[in-house]
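Spelled out, the chains give:
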Amino acid sequence: MMSAILDRNMTFGAGRERPAAAETSTAPVARSAPPPARSGGAPPPDPGLWGRRMRHAATVVLPPVIVTAIFLFLWEMMTSSQGAVLPGPSQVISDTWELIVNPFYDYGGNDVGMAWQLLASLERVAYGYALAVVAGIGLGVLVGQSTWAMRGLDPLFQVLRTVPPLAWLPISLAAFQASNPSAIFVIFITAIWPIIINTSVGIRNISQDYVNVARVLRLNGFEYFTKIMLPAAAPYVFSGLRIGIGLAWLAIVAAEMLIGGVGIGFFIWDAWNASMLSDIVLALVYVGLVGFFLDRLVAIVGNWVTRGTQAG
Amino acid sequence: MTSYLSIEHVHKTFGEGPTASEVLRDVDLHVDRGEFISIIGHSGCGKSTVLNIVAGLLETSTGAVILDGKEVSKPGPDRSVVFQNHSLLPWLTVRDNVALAVDKTFKGTKSAAERREWILQTLDMVGMSHALDKRPDEISGGMKQRVGIARALAMEPKVLLMDEPFGALDALTRAHLQDEVMRIQSELGNTVLMVTHDVDEAVLLSNRIVMMTNGPAATIGEILEIDLPKPRERLAMADNADYNHYRAEVLRFLHERHKNPESEAA
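In the order they appear, the protein sequences are chains D and G.
Numbers 1 to 312, taken from the working numbering, label the letters of the first sequence in order.
Numbers 313 to 578, taken from the working numbering, label the letters of the second sequence in order.
Calculated directly from the structure, the hints in this document are not laboratory data.
Please note that the accuracy of each hint is not assured.
[Unchecked claim] In silico DMTMM-like pairs for lysine to aspartate or glutamate, Cα to Cα no more than 25 Å straight-line:
1. G:K446 to D:E223
2. G:K446 to G:D436
3. G:K416 to D:D209
4. G:K382 to G:E320
5. G:K470 to G:D436
6. G:K386 to G:E328
7. G:K422 to D:E223
8. G:K446 to D:D209
9. G:K386 to D:E223
10. G:K542 to G:D436
11. G:K470 to D:D209
12. G:K542 to G:D554
13. G:K416 to G:D436
14. G:K571 to G:D338
15. G:K542 to G:E347
16. G:K386 to D:D209
17. G:K419 to D:E223
18. G:K470 to D:E223
19. G:K416 to G:E383
20. G:K419 to D:D209
21. G:K416 to D:E223
22. G:K470 to G:D380
23. G:K571 to G:E334
[Claimed, not checked] What follows is a set of in silico ranges between Cβ atoms, one per label pair, in the way DEER data are often shown:
24. G:E334 to D:R218: 23 to 31 Å
25. G:H509 to D:G288: 54 to 62 Å
26. D:T59 to G:D390: 52 to 60 Å
27. D:Q145 to G:K419: 21 to 29 Å
28. G:G381 to D:R218: 13 to 21 Å
29. G:S355 to D:P64: 49 to 57 Å
30. G:H321 to D:T226: 35 to 43 Å
31. G:E328 to D:A149: 19 to 27 Å
32. G:A425 to D:A149: 38 to 46 Å
33. D:A130 to G:D380: 47 to 55 Å
34. D:T226 to G:P330: 37 to 45 Å
35. G:F326 to D:G138: 30 to 38 Å
Every residue, glycine too, gets a C-beta built ideally from N, C-alpha and C.
Please construct the entire structure, taking both the sequences and the accompanying hints into account.
Listed below in structure tokens is the structure:
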């Protein structure tokens, strides 16, 4: 038993700053190391570096390129036979070339370029989603903080969140008597549920340690909200926001098909009525890309805002 | 009779009715200003409960805690806590973690420049000036605990409460931090209440060791006065007969008279 304390003493001087030094030297390395292909600045004179970059490109870039090429090839094969109903990729590009190269034309009415169509949809999503973020986080905080509010509101939320987006459209058309606010409402009501639920879970999961820190420091309600609650719940909130933006983008296309006007959803419906299948395919590609970028955007903002919050 | 910190006949029962469990029974302790008190006992004996009651994080069932003439009923900056798992806010840098405490505690009494200076000073005291802008996940466990200690000290508490502050650290880092705490305490003359399960740590650091009986309904079994001159040198203590005598006293209390209930059952 005595040896324990003696051992400590013997190695004490040597071990003095050992853990600290090890920590400071490993952390930056781990931080800058991962993506060798993305490193900035002058390339160090390392003969293996380009080799490593090539290998990185081969393992990361090549698979999606190959799979996409195979996909396009199969699509082309399946649609190139006589009597094929759907257009192949080459035909889509030749049919829609005017739309692709002139995204910003404006001939009045609904006859505007793809960029305007997408922007119109994005504008509706922006309004509806922004409202959902504000209301969703607010309600989420309420439900997360107050057991009474949770008991009261949770059953309501659980039922309402299963209602499909488009089922809200008739009732909102009746309520707003206008198509644009109705579409925005559909976005709002679609995106809000995951935001509410994730926010409240995040608030509920705030570590008791942080609550104790706040109590010892005697933070007031506002300080607790801004300094502890929001940052602690941020990872959950952002996963809700990310699900929400995905659902919002899903819903806008469907809602616009019904309400008409400028917007990518109605563009698709219009193209169907005019039997312009290539236009529909092009629109689907755009819808997919925009949805992907929206998701990435929220994810990037989330990573930036919540940097450090997951780690203990 | 009027001591700086008095824990007066504190009882604590969790729950009510048939499921109630009595954790503490008649804990009575009087601490003088500048004393370093360790509370030691087997796990589950309620030693952390005592600390949390003094911190104001838990309420007593009966009895009271009186600090400097005032009864303690809720947490406050006059009783800052060093938590076992450091409890730094991971989204704030080292500096901002301490700043949160300093800005809140000295809002009315120190100017912004004084507060900034004070933050740097306390972080310098625990040897963390080199990592001001690092976040907790970028520094080692020992460094986190240093920052936790700096945060607690920065509030200039009347009593510094430490809940197994070195429990999660490896032996070398722990020894180093114990030395740092000894040095800081002798510099500042803080009154410290520390919960620990490490016998060496208790004997090395304390003026008195409060040994708790096993729960349920734990209480103070014995108080051991450590009459060793301060500052104490870790190496010198290893060969010190008195030191080893005190150490043996604590061990006897823990392993003969109040055996760990878990090892008894096994």
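Now the hints, each set against the structure:
A C-alpha spacing of about 22 Å is found between K446 of chain G and E223 of chain D, which places the hinted pair at or below 25 Å, so the restraint holds. A distance of roughly 15 Å separates the Cα atoms of K446 of chain G and D436 of chain G; the hinted pair therefore holds under the 25 Å criterion. For the hint linking K416 of chain G to D209 of chain D, the alpha-carbon distance of about 18 Å falls within 25 Å, and the restraint holds. Taken as a hint, the K382 of chain G and E320 of chain G pair is honoured in the structure, with Cα atoms around 13 Å apart against an allowance of 25 Å.
Between K470 of chain G and D436 of chain G, the direct Cα distance comes to roughly 21 Å. Compliance with the 25 Å bound is thereby established for this hinted pair. Between K386 of chain G and E328 of chain G the CA atoms are separated by roughly 22 Å; this keeps the pair inside 25 Å, and the hint holds. Of the pairs offered as hints, the one joining K422 of chain G and E223 of chain D holds, with about 19 Å between alpha carbons and a cut-off of 25 Å not exceeded. Distance restraint check for K446 of chain G and D209 of chain D: the Cα-Cα separation of roughly 20 Å lies within the 25 Å cut-off, and the hinted pair is therefore satisfied.
With a CA separation close to 18 Å, the supplied pair K386 of chain G and E223 of chain D stays within the 25 Å bound. Distance check on the hinted pair: K542 of chain G and D436 of chain G sit about 23 Å apart at the alpha-carbon level, within 25 Å; holds. Distance restraint check for K470 of chain G and D209 of chain D: the Cα-Cα separation of roughly 22 Å lies within the 25 Å cut-off, and the hinted pair is therefore satisfied. Restraint check: the Cα-Cα separation between K542 of chain G and D554 of chain G comes to about 13 Å, which is no more than 25 Å; the hinted pair holds.
Taken as a hint, the K416 of chain G and D436 of chain G pair is honoured in the structure, with Cα atoms around 20 Å apart against an allowance of 25 Å. With a C-alpha separation of about 21 Å, the suggested pair K571 of chain G and D338 of chain G falls inside the 25 Å cut-off, and the hint holds. A threshold of 25 Å between alpha carbons decides the hint, and for K542 of chain G with E347 of chain G the separation of about 12 Å falls inside it, so the pair holds. A distance of roughly 16 Å separates the Cα atoms of K386 of chain G and D209 of chain D; the hinted pair therefore holds under the 25 Å criterion.
Straight-line distance between C-alpha atoms of K419 of chain G and E223 of chain D comes to about 13 Å, which keeps the hinted pair within the 25 Å bound. Between the alpha carbons of K470 of chain G and E223 of chain D the distance comes to roughly 24 Å, so the proposed pair stays at or under 25 Å and holds. Between K416 of chain G and E383 of chain G, the direct Cα distance comes to roughly 22 Å. Compliance with the 25 Å bound is thereby established for this hinted pair. Of the pairs offered as hints, the one joining K419 of chain G and D209 of chain D holds, with about 24 Å between alpha carbons and a cut-off of 25 Å not exceeded.
Distance check on the hinted pair: K416 of chain G and E223 of chain D sit about 10 Å apart at the alpha-carbon level, within 25 Å; holds. Distance restraint check for K470 of chain G and D380 of chain G: the Cα-Cα separation of roughly 8 Å lies within the 25 Å cut-off, and the hinted pair is therefore satisfied. Straight-line distance between C-alpha atoms of K571 of chain G and E334 of chain G comes to about 19 Å, which keeps the hinted pair within the 25 Å bound. The hinted window of 23 to 31 Å between E334 of chain G and R218 of chain D holds, with their beta carbons roughly 30 Å apart.
At about 59 Å, the beta-carbon gap between H509 of chain G and G288 of chain D stays in the expected band of 54 to 62 Å. The hint said 52 to 60 Å for the Cβ distance between T59 of chain D and D390 of chain G, and at roughly 59 Å that hint holds. A hinted range of 21 to 29 Å holds for the C-beta pair Q145 of chain D and K419 of chain G, which are about 25 Å apart. A hinted range of 13 to 21 Å holds for the C-beta pair G381 of chain G and R218 of chain D, which are about 20 Å apart.
The supplied range of 49 to 57 Å is met by S355 of chain G and P64 of chain D, whose beta-carbon atoms lie about 54 Å from each other. Against the hinted window of 35 to 43 Å, the Cβ-Cβ separation of H321 of chain G and T226 of chain D comes to about 41 Å, which satisfies the hint. Taken as a hint, the range 19 to 27 Å holds for the pair E328 of chain G and A149 of chain D, whose Cβ atoms sit roughly 25 Å apart. Here the CB-CB span from A425 of chain G to A149 of chain D is close to 43 Å, well matched to the stated 38 to 46 Å.
Range check, A130 of chain D to D380 of chain G: Cβ separation about 52 Å, and the 47 to 55 Å hint holds. As the Cβ distance of T226 of chain D to P330 of chain G is approximately 43 Å, the hint placing it in 37 to 45 Å holds. Checked against the hint of 30 to 38 Å, the pair F326 of chain G and G138 of chain D passes, with Cβ atoms roughly 35 Å apart.
Of the hints listed earlier, there is not a single one the structure fails to meet.
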